[in-house]
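With chain E held as given, fit chains L, X and P onto it using these hints.
Protein chains: 4
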Amino acid sequence: MTITSLTGVIPPVCTPLTPDREVDVPSLLRLVDHLVAGGVHGLFVLGSTSEAAYLTDEQRRLVVESVAGHVSGQLPVLAGAIDMTTARVLGHVAAVTAAGADAVVVTAPFYARTHPAEIARHYRVVAGASPVPVVAYDIPVAVHTKLPADVILELAADGVLAALKDSSGDLAAFRRVVTGARAHQGITGFSVLTGSELIVDAALAVGADGTVPGLGNVDPHGYARLDRLCRAGEWAEARTEQERLCALFGMVTVGDPARMGPGSSAIGAFKAALHLRGVIDCPATAEPQVPLSQDEVERVGKYLAAAGLL
Amino acid sequence: MTITSLTGVIPPVCTPLTPDREVDVPSLLRLVDHLVAGGVHGLFVLGSTSEAAYLTDEQRRLVVESVAGHVSGQLPVLAGAIDMTTARVLGHVAAVTAAGADAVVVTAPFYARTHPAEIARHYRVVAGASPVPVVAYDIPVAVHTKLPADVILELAADGVLAALKDSSGDLAAFRRVVTGARAHQGITGFSVLTGSELIVDAALAVGADGTVPGLGNVDPHGYARLDRLCRAGEWAEARTEQERLCALFGMVTVGDPARMGPGSSAIGAFKAALHLRGVIDCPATAEPQVPLSQDEVERVGKYLAAAGLL
Amino acid sequence: MTITSLTGVIPPVCTPLTPDREVDVPSLLRLVDHLVAGGVHGLFVLGSTSEAAYLTDEQRRLVVESVAGHVSGQLPVLAGAIDMTTARVLGHVAAVTAAGADAVVVTAPFYARTHPAEIARHYRVVAGASPVPVVAYDIPVAVHTKLPADVILELAADGVLAALKDSSGDLAAFRRVVTGARAHQGITGFSVLTGSELIVDAALAVGADGTVPGLGNVDPHGYARLDRLCRAGEWAEARTEQERLCALFGMVTVGDPARMGPGSSAIGAFKAALHLRGVIDCPATAEPQVPLSQDEVERVGKYLAAAGLL
Amino acid sequence: MTITSLTGVIPPVCTPLTPDREVDVPSLLRLVDHLVAGGVHGLFVLGSTSEAAYLTDEQRRLVVESVAGHVSGQLPVLAGAIDMTTARVLGHVAAVTAAGADAVVVTAPFYARTHPAEIARHYRVVAGASPVPVVAYDIPVAVHTKLPADVILELAADGVLAALKDSSGDLAAFRRVVTGARAHQGITGFSVLTGSELIVDAALAVGADGTVPGLGNVDPHGYARLDRLCRAGEWAEARTEQERLCALFGMVTVGDPARMGPGSSAIGAFKAALHLRGVIDCPATAEPQVPLSQDEVERVGKYLAAAGLL
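Protein chains in written order, with our numbering: chain E, 1 to 310; chain L, 1001 to 1310; chain X, 2001 to 2310; chain P, 3001 to 3310.
With the rest of the complex left out, here is chain E (with noise of 0.2 Å):
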């Protein structure tokens, strides 16, 4: 894979668990095809979405061999390195390459306090030791830090950032980093993917390259026709697919605030979604995330139906 590869739908890529919580292989390559068949252009696995901070080291190494595998170079594979701190970030970037990974995304540090200037150098030594293109992974609502557009910038001139992943939802900041890239001229071949997936269209229009939509994994078909219509300049089409995709999205919210998190909500639905439309075999997701009630996943039933998915 080079770089430039780095455009189009890159869903990040559910884990489907089995009812003990193992990872479900074969699920896991249906879904892939269903992706695949779905007009996907690359495949993130082990990001947020992918419950990776939820998964073990060998998990998340199965994961990448049964997926790199499968799709043998058909499209390419991004996997997340995602902990806490240099030295286990490069533990994972080696697994992840040894098991096929085109190339790794790393977030900022966390759980440590971290300073730009450590958030630069966590960079620049994981780019140093790593075989394949390192992705900038920025995700405050996991890691508790924003990516400073600046940082990013100086770190993609110097080579060091092949990509950007943002799921910041700061739309704002974004185009910082697309027309800060576009106008230095030390950078290029840098790709800038969005992880919002309620505003694909609006991404795209400001100069994104690419992306990451969680949704996607429940409707990839939708995510490749909205990202077909964006670069057609097809602009009102493409708000109207946005728009369905936004009220699809809205199954993330049926969990119970009182009995659960964002999260368990957010994953239970799109791996109920997955169950529903026969994709996985079981929609378990790991521990400690509460499980959605039997109401719950009727209510992402509906979901489907109203979309036109069912």
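A few of these clues could be false.
Listed next, with one range per pair, are the computed distances between beta-carbon atoms [what the hints assert, rightly or not]: (1) Ser-293(E) to Lys-1146(L): 25 to 33 Å; (2) Thr-2240(X) to Asp-3150(P): 57 to 65 Å; (3) Gly-250(E) to Pro-3257(P): 22 to 30 Å.
Computed cross-link-like contacts, SDA-like style, restricted to lysine to any residue with a CA-CA straight-line distance of at most 25 Å [as the list claims (entries may be wrong)]: (4) Lys-1302(L) to Arg-3113(P); (5) Lys-146(E) to His-1144(L); (6) Lys-2146(X) to Thr-3253(P).
Hints were generated in silico from the structure; no laboratory data involved. Here a beta-carbon is modelled for each residue, glycine too, at the ideal position from N, C-alpha and C.
This is chains L, X and P only, laid out in the frame that chain E set:
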């Protein structure tokens, strides 16, 4: 070890590193001897001050094996099992107990967005699988949630938790756990430990069972003396000793905030002090922390001198 | 004014001050003329960019009277009624409407810790007593809560709110209000305005009715042009114009962060730019904001020159 | 009043309201008599517990005039001058001192994004214009910044501040101000007061001069007794009394969090308790706070009964 052992001074043991960032076992064992000679009552390895977030699984195992083997039951060894979620924590629990830990110390889930119900579920699953007692580690600055007092008390009453290590800095909430545990008929043998090294006298006065002071690496004698004075009800002398230690703690601010975060400065200062005192061979901290400058190290020396430690 | 007037460019009008920090009415009226000549569609006085939080009640009244009297109905004048809680806001509503405001702009309660039920109650009481339409002002950076989309839509459906001015920077949440208002049969004539001056093209593309750009003080012609291009569906040209304005916006960072906060820097830069462009007599900002240095003002001038405004 | 008066128990006085939300002066004066009879050493009107954020300027003035006139110099009356920024605060300073306040209590700027340099500037300007001593009010939960200890000490050394009222809950930071003020040759007569009503014994043990307990409205005798015990060095008895007060404080949680915020619950409970104890005529709180239900009020009564106050 029984849970009733968790009283007195239980410092979070720094992890000395070599210049190439491997665990320096001889220095680590000298540090342990220094702490034991200082009169501490237990050891907490793989805590935040130990740079657990920065150590690989192999390094973590080596730390526990080395320390547990060295002290061989003379005093209890608690080990952090610091990771994002349940399954990953369980891996660390298995590893550190195999390596000799007498208890495990576990935070709320992090990276994942969490909910009190998920926190409780996390501790229940971890305790269900742990061969040793589980200590809850409340450290909002790292995990970005505060352990609710009612969750702690419910888990203590159900025998899930053996102790709380509170690094939240919130003495009123700490007191609620102390008095709640005392008032609850179903809670026996539950230890409440403070990680707030600047208000140990106050925490013991409100009923804490013990203290986990990062600065105890630098001056274990001081914290042992403080503990004795408080237990003897010598509050005025205790306050004088505590204030001496507070002044010494000023070393954590030597690092230039324009160049590094507060963690790099604090851990860097503790290690510089241990190096200056001749306890460890090298003051290196793990990546991506920024090292102290020579000037900053000299300022650490002045703090030591002012406290009568050089 | 009817609520359907709330479309197009409605800049938050800066409040020029004399060197002794009194409202400089002649400069204020020249600024209004500059904005009207630039093609704006309405004026928002006493917003955050207007330093409403810094002005006394007398100064606030003078601003509204001066501006409303000057424009005398040519275009709508919205006025902030920025205060902590309901009774205090009602005092400002009475004052600014007596002074000629056509609508009032009201944030969630602040200082007080608040709850969605209390936010809704706040708007219901304010609207019940206001002689003019009420615009909700969503500005989490100032009030530290985000207005929930479902609360906004409920209040819009009940006729409590005439519009939303969204300065949260969260385009996905903004879109939820836009599409929710459109889909709701009970909501008519509700305007959704964005305060995110760096993504006006994107906000209009997702369905915003108008924009409230602080930078519009400096370059009203640019924002009027951008608005026209977007309404004409000239998205490529709109993007070019927006990117020019984004570059100009860089002026808000001229202030040294070691010496002042981001507000001092941003408001200081806007006023310095208006002074350099000859619109206002004095660039002073209100206490306790820190003034820009001469060097920093010169950097503002370079931003103006680069954007073709000097 | 001289600044040396600021010791002992200085409760933030609740503001009784009539059913139509006007200040109920007879109830207010009965409350003052209740506090004086309870043995308090000063009164703090227009603080957070006084609902200052909810009162109009006229209501604020009425409160100060009524209370200052009633006590006529028997004990010092501190008054909050709670507003967003400097010029607005100065207006309140003029009003409350004209109405008889002996000192003013001022927070960091809020709503505006602020910086330590701006906070210092704010206090310098306010103190320069205030005819009475200025007390810094550290209340991060309301203003969303913490007053840095070094800023406080610098301002104390320069004679800008007469005292600190710390409602941050951070006893370690509080201690830094206490010991810093004691160690600094240039600081004399500076009072350090805690607003943390659950750890008064601890705060006095570390060197606080006094306490500002919201719960002191409900049980002034308890806080006066606690203050005496601490000053006498009767720490065990003090702890028992403090724990009784902590249990009583549980009343602040009676309000259903699904229906109201923590402020509505806490202020509502204090006023319900004062009503049940026969001190005030009506337990109403200001808009937009949500009133307690009848059931919730009954639970307040149970807390009173358990503490021996009914």
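**Request:** Please test the hint of 25 to 33 Å on the beta carbon pair from Ser-293(E) and Lys-1146(L).
**Result:** Once the Cβ atoms are compared, 28 Å apart, the range 25 to 33 Å for Lys-1146(L) and Ser-293(E) holds.
**Message:** Next pair to validate is Lys-2146(X) with Thr-3253(P); report whether the Cα-Cα distance is within 25 Å.
**Reply:** Status holds; Cα separation ~24 Å.
**Item:** Outcome of range test on Cβ distance (Thr-2240(X), Asp-3150(P); 57 to 65 Å)
**Value:** violated (48 Å)
**Message:** Taking 22 to 30 Å as the stated bounds, is the beta-carbon spacing between Gly-250(E) and Pro-3257(P) within them?
**Reply:** holds (25 Å)
**Prompt:** Given the hinted pair Lys-146(E) and His-1144(L), is their alpha-carbon gap at most 25 Å?
**Reply:** holds (15 Å)
**Asked** Between Lys-1302(L) and Arg-3113(P), does the CA-CA distance stay at or below 25 Å?
**Response** The hint is violated at about 36 Å.
Of the hints listed earlier, those the structure fails to meet are numbers 2, 4, in rising order.
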